[in-house]
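Chains as they are written, first to last, in my numbering: chain L, 1 to 627; chain H, 628 to 798; chain S, 799 to 918.
Think of the hints as simulated: they come from the structure by calculation, not from any bench.
Note that CB positions come from ideal geometry on N, CA and C, so glycine has one too.
All the pointers check out, no bait thrown in.
Only pairs whose alpha carbons sit at most 25 Å apart, straight line, appear in this in silico BS3-like list of lysine-lysine: (1) H:Lys755 with L:Lys507; (2) H:Lys730 with L:Lys507; (3) S:Lys884 with H:Lys660; (4) H:Lys669 with S:Lys861; (5) L:Lys380 with H:Lys653; (6) H:Lys755 with S:Lys857.
Facing chain H, according to a computed beta carbon distance under 7 Å, are these residues of chain L, among others: (7) Ile297; (8) Asn299; (9) Pro308; (10) Gly311; (11) Leu315; (12) Ser319; (13) Ile322; (14) Phe330; (15) Ile371; (16) Ile372; (17) Ala375; (18) Lys380.
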Amino acid sequence: MLSNLGNSLLFLNAIFSFIIIYFSSKSIKSVGETIPSKIFKISLIQTSFVMSCFFTLVAAFIISDFSLVNVYENSHSEKPLFYKIAGTWGSHEGSLMLWIIILTIFSFLFLIKNKNHPKNYRLYTLIFQNIIILGFLFFILFNSNPFATVSPVPKEGLGLNPILQDPALVIHPPLLYIGFVGSSIYFSAAMASLVTDYSEKQFAYSIKNWVLVSWGFQSLGILIGSIWAYYELGWGGFWFWDPVENASLLPWFAMTALFHSVIVLEKRNQLYFWVITLCLMTFILSVTGTFLVRSGILNSVHTFASDPSRGVFILIFLSLMIFSSIYLLFKKYKTSNSFINSNSKETFVLINNWFMLFYLLTVLIGTLYPIITDALTNNKISVGPPFYNAVIFPVVAVFLFFMAIGPNTKWIKNKFNDIKNFLFFLASALVINFLIVFFFKSYTVISNLIIISSLFLIISTMFDLVKCFKNSNFDLARITSHLSFGFLVLFIGLNHNFSIEKDFNLKVGETISFDNYEIKLKRLSLKDFSNYKAVIGNLEVKNMKLGEVNILSPEIRIYDNPSTLTYEAAIKTNLIKDYYLTMSNIDRSEFYNIKFQKKPMMIWIWISVIMLSLGGFLRVFKNANNN
Amino acid sequence: MQTTIKILTLTFFLFIIGIFYLSLNKEKSYNTKSLVGKKLDKIILERFDGNDFLDVEELKKNDFTLINFWASWCGPCRLEHSTLMILNKTSKLKLVGINFKDKQVNAKNFLKELGNPYHFIAKDEYGKISINFGVYGIPESILINKELVILNKYIGPLKDEDYSQIIKTIN
Amino acid sequence: MKIRIIFLIIIFVFNNLLASEKSLDINQIYKNLRCLVCQGQSISDSNSDFAQTIKLVVKDLIKEGKSENEIYSFMADKYGDWIVYKPQFSKQNFILWIFPYIVLVGGALIIFHFIRRKKG
Chain L
1 MLSNLGNSLL FLNAIFSFII IYFSSKSIKS VGETIPSKIF KISLIQTSFV MSCFFTLVAA
61 FIISDFSLVN VYENSHSEKP LFYKIAGTWG SHEGSLMLWI IILTIFSFLF LIKNKNHPKN
121 YRLYTLIFQN IIILGFLFFI LFNSNPFATV SPVPKEGLGL NPILQDPALV IHPPLLYIGF
181 VGSSIYFSAA MASLVTDYSE KQFAYSIKNW VLVSWGFQSL GILIGSIWAY YELGWGGFWF
241 WDPVENASLL PWFAMTALFH SVIVLEKRNQ LYFWVITLCL MTFILSVTGT FLVRSGILNS
301 VHTFASDPSR GVFILIFLSL MIFSSIYLLF KKYKTSNSFI NSNSKETFVL INNWFMLFYL
361 LTVLIGTLYP IITDALTNNK ISVGPPFYNA VIFPVVAVFL FFMAIGPNTK WIKNKFNDIK
421 NFLFFLASAL VINFLIVFFF KSYTVISNLI IISSLFLIIS TMFDLVKCFK NSNFDLARIT
481 SHLSFGFLVL FIGLNHNFSI EKDFNLKVGE TISFDNYEIK LKRLSLKDFS NYKAVIGNLE
541 VKNMKLGEVN ILSPEIRIYD NPSTLTYEAA IKTNLIKDYY LTMSNIDRSE FYNIKFQKKP
601 MMIWIWISVI MLSLGGFLRV FKNANNN
Chain H
628 MQTTIKILTL TFFLFIIGIF YLSLNKEKSY NTKSLVGKKL DKIILERFDG NDFLDVEELK
688 KNDFTLINFW ASWCGPCRLE HSTLMILNKT SKLKLVGINF KDKQVNAKNF LKELGNPYHF
748 IAKDEYGKIS INFGVYGIPE SILINKELVI LNKYIGPLKD EDYSQIIKTI N
Chain S
799 MKIRIIFLII IFVFNNLLAS EKSLDINQIY KNLRCLVCQG QSISDSNSDF AQTIKLVVKD
859 LIKEGKSENE IYSFMADKYG DWIVYKPQFS KQNFILWIFP YIVLVGGALI IFHFIRRKKG
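I would like the entire structure built from these sequences, with the hints used as guidance.
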């Protein structure tokens with residue numbers, strides 16, 4: 001029943017898209033500057049139908065309707081309600097429903113929010129967006145249908161992978177999707193702008209908030225994913241440079257470059273074609289990421305159910321997008337006559353873009369290189385954290401210096417008179433780093449450089465804050481984001497330098513001591529829970545220097561539906577540091593493998609990212625108020 | 628200049644899409660099959676129940692050698708054991724067993740029950756010897772020739788088609 | 799002005815004098831080796847039996863006085879290049895290592911060119 005309802009709603013949505021495209025192209029040819037009200041109406045109906053369609057699927061999960069393959073494969077009648085609902089977007093098919101919802105809502109909002117822009121520009125955006133919607137609707141209908149049925153109807157579902165039953169993982173996909181699926185709207189707008197030659201400042205004006213919103217959500221989505229990886233995967237890290245993580249980072253770099261250069265387009269009417277390129281690139285990278293993740297050509301920790309036929313479909317869609325956008329871009333490209341001074345703000349925005357592109361392309365080649373060598377020479381290699389750390393980190397230090405200096409330059413003018421201040425900031429940064437090195441310890445020249453440059457950025461941004469308070473014209477959004485980025489890099493640097501990690505094997509009752517720590521495996525207990533059994537360790541962690549004692553209880557869990565073994569880390573968080581401890585059994589032995597880590601400043605890394613995206617949202621509110 | 632950029636951009640995207648297409652049907656998980664053709668390093672094996680040693684160099688005397696990694700606790704090893712017993716009867720092939728992370732008593736009981744196909748059994752109490760052969764799970768069997776070059780690797784239990792392939796290779 | 803800059807350079811040198819290269823960190827080696835059983839995890843992260851064995855072997859190799867790179871070469875020799883997370887700088891991986899720097903230098907040239915041309 002629900003299957004029929006869902007399928008018909010999907011089908012109707014496809015029809016609505018066709019109707020919207022048809023009416024829009026008719027209206028483009030007609031004279032007059034108003035968009036016919038029927039287009040608004042159909043758009044509204046389309047949006048509500050898409051939502052109903054999504055809720056139909058949610059309903060199927062809530063009532064555990066196992067006649068749907070998707071529910072059968074990803075749910076279980078004894079699962080808590082919260083995770084039943086979350087199961088809706090836990091699978092590939094369900095996550096495509098999220099795609100469609102975001103594509104449609106953004107399409108509708110863009111239509112009604114841009115009243116001051118020319119009719120044809122808005123209508124072309126609507127057409128391009130609906131072509132994308134159609135593409136994904138076809139994908140759902142013909143390849144990955146969440147409403148596909150199974151017969152005979154199974155009595156019970158297979159259950160959702162226990163490590164996915166987690167609140168962080170419930171909100172991670174929606175946040176991330178608002179980010180990179182949201183970028184579709186400025187892809188469509190950029191195409192429309194090329195078609196209608198709508199290339200003034202106004203174009204920048206119409207897309208800038210969309211870019212910021214998608215960037216803010218993308219940042220939060222990535223953050224939640226990292227937090228989940230940190231406490232659920234049990235490795236004590238939060239970023240592994242895994243191909244799937246990289247896929248979410250690539251559009252983030254493009255968005256960051258984009259909302260910086262959009263400012264130049266808005267204020268100075270320059271860099272138009274570059275802005276367009278970035279708009280197109282962001283969504284193309286998002287779809288590329290989806291292709292990489294869903295087609296299963298990656299060898300990743302984060303295993304998604306994958307299947308090559310999906311890959312073929314997304315690949316065709318991706319090729320169409322790429323070739324139509326570069327065709328339009330080349331057709332419309334004109335060399336512009338602009339004027340940029342070397343010490344002006346424009347230059348520093350370009351420098352930001354230059355670094356973002358460097359990060360983007362480095363991560364891209366790192367992700368694709370193993371695929372390329374395997375396809376061309378059958379040689380399988382791994383590109384992992386050491387590659388990215390070696391290539392990216394030294395460059396981050398340089399980038400932070402530019403980031404500190406950039407905001408203090410003026411538009412157009414070739415003037416730079418704060419050298420004295422900056423020398424002072426640099427001296428303070430060096431002194432603080434010296435103190436850190438002196439009182440604690442230090443490792444390498446590069447880690448020193450990273451800490452110095454992040455301190456430099458923090459100090460000079462703080463100084464901006466003070467200065468701006470006096471002048472009362474401060475750009476709180478920019479200061480918040482730059483400051484939190486400085487802190488983020490600083491905390492990551494400190495975390496990297498001062499974490500302690502120890503890997504050892506213990507029997508019950510044994511004690512190990514190293515550095516200032518003494519760790520004892522006091523006892524093990526076996527407990528039964530509703531859907532799993534757990535071996536719970538009781539470990540005493542003594543810090544001899546501080547005389548502090550903590551009890552940590554890592555678990556080994558044995559789940560029933562589906563039967564899986566997972567390792568739960570025990571984490572003790574405080575403001576300065578986390579203690580992180582995992583335990584795993586060693587086959588045919590009475591020893592347990594224990595990994596103990598002290599990770600300084602963990603909580604501040606999360607807070608920095610939240611503040612970073614907050615800066616983006618602040619800018620959106622400010623822009624909205626100015627309108 | 629502009630035409631060059633256009634052509635380069637197009638080539639770049641065609642290349643990437645081509646690579647994506649080619650990769651779709653590739654096996655993504657990794658195994659050590661690519662090591663076929665490599666020569667074995669110099670390793671000295673210790674007999675699992677005595678003070679006797681075997682230098683891998685001595686295997687040059689055999690036309691072909693199959694090095695089999697097994698343990699009494701390993702279920703799939705039990706499955707492939709009958710295949711090993713038949714291979715034992717082949718004159719051109721010598722079998723070397725490496726007893727992986729096992730207890731001697733259990734291993735002996737295992738062989739008593741199912742028969743001993745090996746010409747030499749080496750011990751590998753901690754699994755470290757097997758690392759030298761590029762083994763990452765048992766059972767695995769490595770077929771080498773007179774020059775100690777790896778002819779094939781059979782990861783997982785030996786199947787019927789593996790048996791016929793071995794027979795074909797050595798004859 | 800010059801005095802200030804010299805002063806800065808001096809503190810920076812002081813900063814780095816205290817920076818001693820980290821001694822051979824065994825966890826770092828575990829992290830840079832990839833597990834063949836739980837593919838996608840490093841030896842350090844993996845709970846598999848294989849990872850345990852590799853850890854033992856790495857400890858032995860360190861005792862024998864092998865350097866970090868020698869350990870990677872040893873593992874790559876036994877299991878193929880795939881096992882090492884940091885691809886060796888070789889003819890085959892040349893593009894991987896050189897490409898980011900081409901982008902970096904190329905980007906600088908483009909920006910430089912752009913600004914200069916517009917000025918004249």
